[in-house]
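Listed below are the residues making up each chain.
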Amino acid sequence: MKIILLKTAANYLLPLLLLFSVFILLRGHYEPGGGFVGGLIASIAFILHSLANGLDSTKALLKYSPFYFIPFGLSIAILSGLAPLFVGEPFMTVLWFENPLPVIGLIGSALFFDIGVYLVVIGVTLTILFTISESV
Amino acid sequence: MLLAILSGFLIAICLLFLGKQLKGNLPLAVSILPITLFVYFCTFLPGIGEGQTFFQHIPWIPSMGIHLDFKLDGLSLLFSLLITGIGSLVFLYSSSYLKGHIYIGRFYGYLCVFMASMLGVVLSDNLLVLFVFWELTAISSFFLIGFNNDNEASRKSSLLAWAITGGGGFFLMAGFILIGNVSGTYSLQEMLSSSELLKSHFLYAIMLFLIFAGAFTKSAQFPFHFWLPGAMKAPTPVSAYLHSATMVKAGIYLIARFTPILGNHPYWNNTLLIVGGITMVYGAFHSIFRIDLKGILAYSTISALGILVFLLGIGTHDALLAASVFILVHAFYKAGLFLIAGVIDHETGTRDVSQLAGLRKVMAPLAIAGGLAALSSAGIPLTLSFVSKDLIYEATLNSGNSALLFTLIAILTNIFLSYSGYLAGIKPFVGSLPAKFSEVHLPSGFMWLPPLFLGLGGLLFGLFPSLLDSSLIQPVIHAMGANDTVVSLKLWHGFNTVLMLSALTIVCGIILYLILKPSLKRLNAIGKLDSFSPQTIFMSLAKGTKFIALRYTKFMHNGFLRSYLTKIIFFLVCLIGYYLIRNVDIQLYTDKHTAISMYEAIVFSIMIVAIFTIVFSPSRFVAIISLSVMGYCMCLFFVYYGAPDLAMTQFTIDTLTTVLFVLVLLKLPPYLRIKDKAAQVRDGFLAGAFGILISVIALQVLNEPTNKNISRFYADNAYLLGKGKNVVNVILVDFRGYDTLVEITVLTIAAIGVYSMLKIQSSEIE
Amino acid sequence: MELLFVVLIGVLYGTGIYLMLRRSMVKLLVGLLLLGNGANLLIFLLGDLVKGNPPVISPDSSVFTAVYADPIPQSLILTAIVISFGLQSFAIILLKKVYLATGSDNLDDLNTHDLDI
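Chains as they are written, first to last, in UniProt numbering: chain P, 1 to 136; chain V, 1 to 766; chain R, 1 to 117.
Here chain P stands alone, though its shape is the one from the complex (with noise of 0.2 Å):
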């Protein structure tokens, strides 16, 4: 017993709802946002696409279990925290791209870093959320 308002909404709302995430982690230097901010509303759009379409239906969509986004996520934090090693930098010291892009800006491997972050953040809460639905 579905609400069809909802199922409808949900549909359009997801690839929305994504695109403000990545948004909002993408401006995150700038302007208010950031890794976990868009990470945790990335959560939100399939957390309700789930609640409206069933939650095999989301799975499908994500093809993998969004366990598997939580090593992704450490690696590609810590790769970027390593990433500065090869060129004699310590640990963590964050390196910039000569040119800015338009629309993003400045890119360097904090961002990398906050990509990290909001993809371990989707991959903690998805598991934690799916085997709770799962398992009651």
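Source of the hints: derived by calculation from the structure; they are not laboratory data.
Positions of the beta carbon are idealized from the N, C-alpha and C atoms, including for glycine.
Be aware that a few hints might be false.
[To be verified] Label-pair distances were calculated between CB atoms; the ranges are: (1) R/Val67 with V/Leu575: 33 to 43 Å; (2) P/Tyr64 with V/Tyr552: 50 to 60 Å; (3) R/Thr65 with V/Gly684: 27 to 37 Å; (4) V/Tyr738 with R/Val67: 49 to 59 Å; (5) V/Ser597 with P/Pro71: 12 to 22 Å; (6) V/Pro618 with P/Ser57: 34 to 44 Å; (7) V/Arg551 with P/Tyr64: 56 to 66 Å; (8) V/Asn709 with P/Ser57: 49 to 59 Å; (9) R/Thr65 with V/Asn583: 19 to 29 Å.
[Unchecked claim] In silico lysine-lysine, BS3-like type, Cα no more than 30 Å apart, as pairs: (10) V/Lys759 with R/Lys97; (11) R/Lys51 with V/Lys708; (12) R/Lys97 with P/Lys59; (13) V/Lys592 with R/Lys97; (14) R/Lys51 with V/Lys567; (15) P/Lys59 with V/Lys759; (16) R/Lys51 with V/Lys554; (17) V/Lys567 with V/Lys546; (18) V/Lys723 with R/Lys97.
Dock chains V and R against the given chain P, drawing on the hints supplied.
Showing chains V and R alone in chain P's frame:
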């Protein structure tokens, strides 16, 4: 010398690993160690006799003034020879006594550790090193007393001995550190020159107290004597070795060692005289009522240790001489008697002296050894003990004002001691042999030769005391500070008061032996005194401590979360509340505060209502909704006060939390209905007080200007170093990126925890 | 406004402790949440309240020109909020498992009664 000490430890470690392979006659091989060491120490005899002192210096912890300093002088040599000499006999003896015991390897390991640490005690010149070895002797003694660890009495005795000697060890360490600080050195040799400084120091009495606490507990002086009879639960060779010949004399050694440093002061002499005097009479008196062979020997050992302390307390050169001879004599006859008691126990299965009789018919050589030891203990002429008894009386007679009193108690003690010597060394062998002992036969030579050897030794040195005087005894008393004395021991002093006293002692001892027969009845009669003995007091103290500890644990650590919380919060409120009321001038400055606008007041009221709904709502669902209302209100506050990042995070997390709660709500237990008004009111007061406390603290902190240095650094450098304009985000991903990395790791762990907990079937938990 | 915050913090701490003192496991969890919020608010208050000026440098300059809210308490609280989500979910699941295993919400029932030494 270091090698001599370390070899014992090394062999002990080897024995631990090879314990199971130690069968048959292999334990005998271990005896090579003490014999070798004995020979090694004998080689020092000529040098020491000429007045030399040997040193060895190995730096260990130079920054703390701790070095492995070893010094071998007369006193150390006397003890080293006793330790290795008696040790050799005991090692040989044990190989038969414990033949076939499954833990014989372990036993020899403990013995080696003990011997090595005892050598360490008497050879160390550094106080802290000495202390380490001192404790090691206590530890090895603990293991040896509790060697039969399947016996409850044995375990209890070893714990008691450990508690007393270990407790004394604490005092001793404090004393050593105090002395080391005052004199500026931990080296005994260097301390000799600061003797006057120490004696005139205002903490001198405390130093004495601490040192004596250590020495008296170790040497079983009244009122700490009671662990020694209990320690007789150890296998008999251990009793012979540790609890009569060597370890208990460590306290005597310590006092003798400190005589030239702290001695010759009224406090020193009087304490030793009083404690030693009480111990020697008390021990001797108790020894005559025992019927257990080892019990008799234990109490007579206590008494002998009392005599030694007493002699050191007199402190004259005569007394020091008497003490050093008596150490040797006592080791000879008491170790012998113990070994004999061990053989009797081993062969007949009883140590009850009232039953034992006539064993000379089946164990003739042992009877000779017993007779020699008993005569030695009684001080019959021709034994070394006679010489020593003469010296004791000479010392008491020449001790000045209280000579008469001292002599009297010395005579009394000696009469009792000779009686108990007869009881242990002669009684089992005379009379007619009871039928039940007719099958008894002489054990292997390793068991009866050592006591015989000790008895003959006593006789030999008694006949030719000049073998000892200048070569060993003279350096001993020189080490105790009597530098100018020339010692000349003689068997025959001519007819004088001392000889009369000796004769009186012997006669009285024999008379006592003839009229007093050991019986259980008298043991029980004396047992009535136990209700106010030091042991009873100590035990009830220990029980009381245990009781208090149990009560405390039950009160503080009862396993109820709310009880822990109540206590912690109550204590916190009282402590901090008291401090705030006493020391802080509580003030309120509203001028710096930001104004309250209308919408803030509304959000505030909504939040308060939400919080109280959470607390008092009977429905879980209402509580959860209120929880999210409260979260969104927080979120609004964050928006008002310049924290958009926080607001966004709080908002999303709050949403997720609500989803989480709703998801599991049905599976969560319903609210527990416990209507306990009293508890609610009590907790309400406590929680209210805590809330008020936190508010007051927050208010007071607001009065202080916040230190903004770090914030300013981040704000100023966010764009310069971090190339970002959102300072909060720059802190998270750049300045404190490492923290964030750890944080997401923690989140990962939480997720794995949840995942694994839910995937495990509930049945597996139960 | 500081005064209201101070009152709020006191109320949050007080009610948090009160709920934790109840014997119910669910209430323990809720109490923990209230306590956490109180702590967040306390940290926020101690960083001094600055109205409407987030610690974000305006796009056309590279340093702060006006007053700004303290960024350190904010980053601390942000971390705390996210971590507390992990804590909550873990605690809820633990609670559910304990409930399934013991069938009781009463914390006292979790005690094994072998305390007699």
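Here is what the structure says about each hint:
no. : hint                              : verdict
1   : R/Val67 with V/Leu575: 33 to 43 Å : 38 Å, holds
2   : P/Tyr64 with V/Tyr552: 50 to 60 Å : 56 Å, holds
3   : R/Thr65 with V/Gly684: 27 to 37 Å : 50 Å, violated
4   : V/Tyr738 with R/Val67: 49 to 59 Å : 30 Å, violated
5   : V/Ser597 with P/Pro71: 12 to 22 Å : 48 Å, violated
6   : V/Pro618 with P/Ser57: 34 to 44 Å : 37 Å, holds
7   : V/Arg551 with P/Tyr64: 56 to 66 Å : 59 Å, holds
8   : V/Asn709 with P/Ser57: 49 to 59 Å : 53 Å, holds
9   : R/Thr65 with V/Asn583: 19 to 29 Å : 42 Å, violated
10  : V/Lys759 with R/Lys97             : 11 Å, holds
11  : R/Lys51 with V/Lys708             : 17 Å, holds
12  : R/Lys97 with P/Lys59              : 25 Å, holds
13  : V/Lys592 with R/Lys97             : 50 Å, violated
14  : R/Lys51 with V/Lys567             : 40 Å, violated
15  : P/Lys59 with V/Lys759             : 18 Å, holds
16  : R/Lys51 with V/Lys554             : 52 Å, violated
17  : V/Lys567 with V/Lys546            : 23 Å, holds
18  : V/Lys723 with R/Lys97             : 47 Å, violated
Consistency with the previously given hints fails for numbers 3, 4, 5, 9, 13, 14, 16, 18, ordered from lowest to highest.
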